[in-house]
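Q: Taken in order, these protein sequences are the chains called A and B.
Per my numbering, residue 1 is the first one in the first sequence, and the count goes up by one each step.
Per my numbering, residue 125 is the first one in the second sequence, and the count goes up by one each step.
Think of the hints as simulated: they come from the structure by calculation, not from any bench.
Just to be clear, a hint being listed does not mean it is correct.
Capping the alpha-carbon separation at 25 Å, the derived lysine to aspartate or glutamate pairs in DMTMM-like fashion look like this [as the list claims (entries may be wrong)]:
1. B:Lys275 x A:Glu81
2. B:Lys275 x A:Asp106
3. B:Lys236 x B:Glu283
4. A:Lys75 x B:Asp358
5. B:Lys268 x A:Glu88
6. A:Lys75 x A:Asp31
7. B:Lys275 x B:Asp288
8. B:Lys389 x B:Asp209
9. B:Lys236 x B:Glu196
10. B:Lys275 x A:Glu114
11. B:Lys268 x A:Glu81
12. A:Lys75 x B:Glu350
13. B:Lys222 x B:Glu237
14. B:Lys275 x A:Glu105
15. B:Lys275 x A:Glu28
16. B:Lys133 x B:Glu413
17. B:Lys287 x B:Asp358
18. B:Lys159 x A:Glu88
19. B:Lys287 x B:Glu196
20. A:Lys75 x A:Glu3
21. B:Lys275 x A:Glu88
22. B:Lys159 x A:Glu7
23. A:Lys75 x B:Asp348
24. B:Lys159 x B:Asp267
25. B:Lys275 x A:Asp97
26. B:Lys275 x B:Asp209
27. A:Lys75 x B:Glu354
28. B:Lys287 x B:Glu260
29. B:Lys275 x A:Glu110
30. B:Lys159 x A:Asp12
31. B:Lys268 x A:Asp12
32. B:Lys275 x A:Glu7
33. A:Lys75 x B:Glu173
Far from chain A, by Cβ distances over 12 Å, these chain B residues were calculated [to be verified]:
34. Arg135
35. Lys137
36. Thr146
37. Val238
38. Asn407
None of the values given here were measured: they were computed from a predicted structure.
Glycine included, C-beta positions come from ideal geometry on N, C-alpha and C.
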Amino acid sequence: MAELHVELVAADRSVWSGEATLVVARTESGDIGVMPGHQPLLGVLQSGPVTIRTSDGGTVVAAVHGGFISFADDKLSVLAEIAELAEEIDVERAQQDLERARANEDAIAERRAEVRLIAATGTR
Amino acid sequence: MGAQLRVYKRRIKSITATKKITKAMEMIAASRIVKAQRQVQASAPYATELTRAVTAVATGSNTKHPLTTEAENPTRAAVLLVTSDRGLAGGYSSNAIKAADRLTERLRSEGKEVDHYIVGRKGVAYYGFRERPVVESWTGFTDKPSYADAKSVAAPLIEAVQKDTADGGVDELHIVFTEFVSMMTQSPVDNRLLPLSLDEAAKESATAKSAAGAAGGEILPLYDFEPSAEGVLDALLPRYVESRIYNAMLQAAASEHAARRRAMKSATDNAGDLVKSLSRLANAARQAEITQEISEIVGGASALADATAGSD
Chain A
1 MAELHVELVA
11 ADRSVWSGEA
21 TLVVARTESG
31 DIGVMPGHQP
41 LLGVLQSGPV
51 TIRTSDGGTV
61 VAAVHGGFIS
71 FADDKLSVLA
81 EIAELAEEID
91 VERAQQDLER
101 ARANEDAIAE
111 RRAEVRLIAA
121 TGTR
Chain B
125 MGAQLRVYKR
135 RIKSITATKK
145 ITKAMEMIAA
155 SRIVKAQRQV
165 QASAPYATEL
175 TRAVTAVATG
185 SNTKHPLTTE
195 AENPTRAAVL
205 LVTSDRGLAG
215 GYSSNAIKAA
225 DRLTERLRSE
235 GKEVDHYIVG
245 RKGVAYYGFR
255 ERPVVESWTG
265 FTDKPSYADA
275 KSVAAPLIEA
285 VQKDTADGGV
295 DELHIVFTEF
305 VSMMTQSPVD
315 NRLLPLSLDE
325 AAKESATAKS
335 AAGAAGGEIL
345 PLYDFEPSAE
355 GVLDALLPRY
365 VESRIYNAML
375 QAAASEHAAR
385 RRAMKSATDN
395 AGDLVKSLSR
405 LANAARQAEI
415 TQEISEIVGG
425 ASALADATAG
435 SD
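Pulled out of the complex, with its shape left as it was, chain B reads as follows (with noise of 0.2 Å):
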């Protein structure tokens, strides 16, 4: 076999051994982000049941409190970054550290300084080859979040933000994740959790009271706080961050198995390609080296005859 022949044979099987490796992890993928985004659904209820009940005792109640009121002069706020752990997932680490890099600088131009928070080893790992400060990090649980991790991961930012600002408390706090639109776009977002931003919600009841008013119908149901309005914001906001937090976490999971699914596919394709024009210049090599033989074969064939021929 000759020298050329062999390398291409070489490469191609090396390639198609990694073909075999990104398939697999392809379909690994792909299963995962149905769980995943199985997930996202299941702990939709909690969600909603506990915004809506957010929203009603803030709008319900003329409560002043710490994490629903925005501060006058807010100087620091606290950024939770959503990252992978492990890579081969195409931008998607990436894109996520580019929109927090996005944010910080919105931020500092705004007068805040930032203190980043950090969920997975890429992010953590960027951060710290900058040697970027990070107040806190997790990983270890990206690509399967339970709610307890969350919990872990929202415990130290709400005692910051309940902190006094001198204390080195936050008077912000954005999460940035990877938002899971469908199979095909992710897209990295940035939501400020605290203060939470009841606008929205005061707009909708106020348009509900107006309507009413005109209406002479329903209003806003008048809840009975048990204990207290304050003592059930008091207990209602560290599960409202919980839970957008346990949420984003999800989302971003789903996020990271779609984008290597997506990547994964791409390597398993170009993988192909690359077999398949090889395979062509093996083909092309081996047919050289026929032809190289029967010409030798045939010219040391031709000069014995003419050999012998000259000897008669």
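Looking at chain A on its own, in the form it has when it is part of the complex (with noise of 0.2 Å):
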């Protein structure tokens, strides 16, 4: 099966990089789905979740705010200024996160610390 190298890179680390069959994102204007012979592509990503289908049957979830995707030649890279593995992510700090967002209705906090929730838990 074909394959598509994926490198997830924030901006002061590489996240995650590796071999997949599938990667879905969330650009601006939908989920895109991108498989091995995509056309080239450059995207602008909203802050989602991102999940990589690893060639090795595996699933990688990432947090991703804000960035880009591209495509080109079967290579695939991921640019956000912050991004975070689902592993890694702290479902309670991210708990408390939410509601102290919600409680000052700091709209953009509170989209971080819901889609760092969905990574993490797996929950749509």
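Dock chain one against chain two, each of which comes alone in its own frame, and use the hints as you go.
A: Below is the structure:
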């Protein structure tokens, strides 16, 4: 099966890289799924979970806050200012952040906490 | 103890204490260089991917974007100068400031007004003392900048670039920082961030195209933009500027630590030399004192002997 090489990089570190069969990310105009052989693409991402189906059958979920997806020659890179893998996210803290953001009516922080929760718990 | 000797002893003591401090600072700086260098490396993948994406959009589409096209008659330029918050780093800050002065002069000779933006307390103090106007300045994070810091620095700059020149906007954006070449070499450099000079990128793609035409092989990928080329460029360029500023600040931080390590190393060495030469002087003074005491005792004893011999 064809594979694509994925690089998930945040501004200050490389978060994840490896081979995958499918990457789903949320762009400004909706969710987009990229499989090997996709047309070259450059898109603006919204805050949202990025799901990577790795070639060994596993799934990697990351919370990505803003950024870009670029794909060419079966190489895909997700560039984000902030990116966290699901297993790195502290669910309790994200929950607290969410409550605090709601209390302060901080829409950006609220969305960020929501995305982290979605990525960490796998529910939409 | 003689007065001379006491003075020497006191100076040796104070220099030894100073030496301990400079030695400690040297070692702290040395350990921080490694950390700062690691950060520079960690930020590299993001910067390279971003540069590639920007090049791809700018060459792959015919979009005219204010951030990429050169103004026909540029009249105002912004210069971002990265210095340090703390001194004791040799010529680190003053070299960067001098480079900024040279750049300012060059831009002025080209008929452009220059707006200064400054990072680091040393630069702010230099401009403040000379009462030169500074549009905006930031302090407090130069030895360990985070991406959020870079973002806060980039925000007003991007805003200034996007504004019309008539409303106080700028046509060009330059950055002056100290490049980390190696542990021993750091050199101040000035780079033009905007408008993006795509000359190199365009040249590369042109040669690639002609080579491809000759070989009949591959051409640059024709990207599908989501939502649109303009939209992507709008979102991409501010991130690009932020990432470049972040990279510059990280390199400057590494350079600052390297410069401080070198300055502190030479201070420690000098203190060692001073202690050595002062110890020599102190030894001589002590010896002179002893000699004098002996001759006094001998003189006194012989005077006494003479006196008793005379009374007999």
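Q: A separate judgement is required for each hint: does it hold in the structure or not?
A: Structure-based check of each hint:
1. B:Lys275 x A:Glu81: 10 Å, holds
2. B:Lys275 x A:Asp106: Roughly 19 Å separates the two Cα atoms, so the pair holds.
3. B:Lys236 x B:Glu283: Distance of about 19 Å is within 25 Å: holds.
4. A:Lys75 x B:Asp358: 23 Å, holds
5. B:Lys268 x A:Glu88: The given pair, whose Cα atoms are some 23 Å apart, holds under the 25 Å limit.
6. A:Lys75 x A:Asp31: Roughly 19 Å separates the two Cα atoms, so the pair holds.
7. B:Lys275 x B:Asp288: Measuring from Cα to Cα gives roughly 22 Å; hence the hint holds.
8. B:Lys389 x B:Asp209: Between lysine 389 (chain B) and aspartate 209 (chain B) the Cα gap is close to 20 Å, so the pair holds against 25 Å.
9. B:Lys236 x B:Glu196: Distance ~13 Å between lysine 236 (chain B) and glutamate 196 (chain B) Cα, so the pair holds.
10. B:Lys275 x A:Glu114: 23 Å, holds
11. B:Lys268 x A:Glu81: Holds. Lysine 268 (chain B) to glutamate 81 (chain A) sits at ~18 Å (cutoff 25 Å).
12. A:Lys75 x B:Glu350: Status holds; Cα separation ~17 Å.
13. B:Lys222 x B:Glu237: 18 Å, holds
14. B:Lys275 x A:Glu105: 23 Å, holds
15. B:Lys275 x A:Glu28: 22 Å, holds
16. B:Lys133 x B:Glu413: Distance ~14 Å between lysine 133 (chain B) and glutamate 413 (chain B) Cα, so the pair holds.
17. B:Lys287 x B:Asp358: 14 Å, holds
18. B:Lys159 x A:Glu88: Judged against 25 Å, a Cα distance of about 22 Å means the pair holds.
19. B:Lys287 x B:Glu196: 16 Å, holds
20. A:Lys75 x A:Glu3: 9 Å, holds
21. B:Lys275 x A:Glu88: 24 Å, holds
22. B:Lys159 x A:Glu7: 24 Å, holds
23. A:Lys75 x B:Asp348: 15 Å, holds
24. B:Lys159 x B:Asp267: 11 Å, holds
25. B:Lys275 x A:Asp97: 22 Å, holds
26. B:Lys275 x B:Asp209: 19 Å, holds
27. A:Lys75 x B:Glu354: The given pair, whose Cα atoms are some 23 Å apart, holds under the 25 Å limit.
28. B:Lys287 x B:Glu260: 16 Å, holds
29. B:Lys275 x A:Glu110: 20 Å, holds
30. B:Lys159 x A:Asp12: Judged against 25 Å, a Cα distance of about 13 Å means the pair holds.
31. B:Lys268 x A:Asp12: The given pair, whose Cα atoms are some 12 Å apart, holds under the 25 Å limit.
32. B:Lys275 x A:Glu7: Distance ~23 Å between lysine 275 (chain B) and glutamate 7 (chain A) Cα, so the pair holds.
33. A:Lys75 x B:Glu173: Roughly 11 Å separates the two Cα atoms, so the pair holds.
34. Arg135: Since the minimum Cβ distance to chain A is about 47 Å, arginine 135 (chain B) lies beyond 12 Å and the statement holds.
35. Lys137: Non-interface label stands for lysine 137 (chain B): nearest chain A Cβ at 45 Å, farther than 12 Å.
36. Thr146: 32 Å, holds
37. Val238: Holds, because the least Cβ-Cβ distance between valine 238 (chain B) and chain A comes to about 29 Å, which exceeds 12 Å.
38. Asn407: 56 Å, holds
When held up to the earlier numbered hints, the structure conflicts with none and fits them all.
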